[in-house]
Amino acid sequence: GAGVSQSPSNKVTEKGKDVELRCDPISGHTALYWYRQSLGQGLEFLIYFQGNSAPDKSGLPSDRFSAERTGGSVSTLTIQRTQQEDSAVYLCASSLSGTHEQYFGPGTRLTVT
Amino acid sequence: AQSVSQHNHHVILSEAASLELGCNYSYGGTVNLFWYVQYPGQHLQLLLKYFSGDPLVKGIKGFEAEFIKSKFSFNLRKPSVQWSDTAEYFCAVNAGDGNKLVFGAGTILRVKS
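One line per chain: the protein sequences are A and B, in this order. Every letter in the first sequence is one number past the one before it in our numbering, and letter 65, counting from 1, is 65. Every letter in the second sequence is one number past the one before it in our numbering, and letter 112, counting from 1, is 1112.
This is chain A alone, in the form it adopts within the complex:
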């Protein structure tokens, strides 16, 4: 079946602009995760959703970052007033509730100029 999809695949934005990144999880997967992959920092957890609620937001680096999930499916990660250090690949993963096996999407490469 279809895997996790993310859009856009690449995003170039100017410093100070807001960006929205989208994740469409595998159908039926109630758990959804956002991670960030950057040079020097590796893969870092950002936020976890179970259904539409986010019981773990501990990885969000600042209040410029927020995420929401609607209808227990699609999630949007929003970065306000982007900074150059936000440049990274943003990865989304999903899993079935009660399992720990996460399936990753192809990521969105964000470049802040």
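Keep in mind that the hints are not guaranteed to be accurate.
What the hints assert, rightly or not - With a straight-line Cα cutoff of 20 Å, these simulated SDA-like cross-link-like pairs (lysine to any residue) come out:
#, chain 1, residue 1, chain 2, residue 2
1, A, Lys57, B, Gln1002
2, B, Lys1049, A, His29
3, B, Lys1061, A, Tyr103
4, B, Lys1071, B, Tyr1025
5, B, Lys1049, A, Lys57
6, B, Lys1049, A, Leu96
7, B, Lys1049, A, Tyr103
8, B, Lys1049, A, Thr99
9, A, Lys57, B, Ala1095
10, B, Lys1112, B, Lys1058
11, B, Lys1049, A, Ala31
12, A, Lys11, B, Lys1071
13, A, Lys57, B, Ala1001
14, B, Lys1058, A, His29
Calculated from the structure, these hints are not laboratory results.
Starting from the known structure of chain A, arrange chain B on it as the hints suggest.
Here is chain B on its own, set in the frame of chain A:
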């Protein structure tokens, strides 16, 4: 806080050589352990996982990993590598009562043909 250490950042092998990539984690409770692989230009894929039971787990493409609880280790092995194994390999840990994955820094494997 949980952490994961991967001992080698870059490994270069000739085809047919044996591979062992080290992974150690710091967490005293129940853990779920994973190896993910990222082939050039592709997204993260699950290679193998350990939840419980036999500490020697076999994954796709001839890979295996051994969980040694006393050493907090989960090393990845393959008896004979192929050029197509060239990729970046990530060890990840999920605490038994948590949801997020904590990743190691990754090991870039280059197999010379």
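Hint-by-hint comparison with the structure:
no.	hint	in the structure
1	A:Lys57 / B:Gln1002	holds (16 Å)
2	B:Lys1049 / A:His29	holds (19 Å)
3	B:Lys1061 / A:Tyr103	holds (18 Å)
4	B:Lys1071 / B:Tyr1025	holds (9 Å)
5	B:Lys1049 / A:Lys57	violated (25 Å)
6	B:Lys1049 / A:Leu96	holds (15 Å)
7	B:Lys1049 / A:Tyr103	holds (12 Å)
8	B:Lys1049 / A:Thr99	holds (12 Å)
9	A:Lys57 / B:Ala1095	holds (16 Å)
10	B:Lys1112 / B:Lys1058	violated (24 Å)
11	B:Lys1049 / A:Ala31	holds (18 Å)
12	A:Lys11 / B:Lys1071	violated (43 Å)
13	A:Lys57 / B:Ala1001	holds (15 Å)
14	B:Lys1058 / A:His29	violated (25 Å)
The structure fails hints 5, 10, 12 and 14 (numbered hints given earlier, in ascending order).
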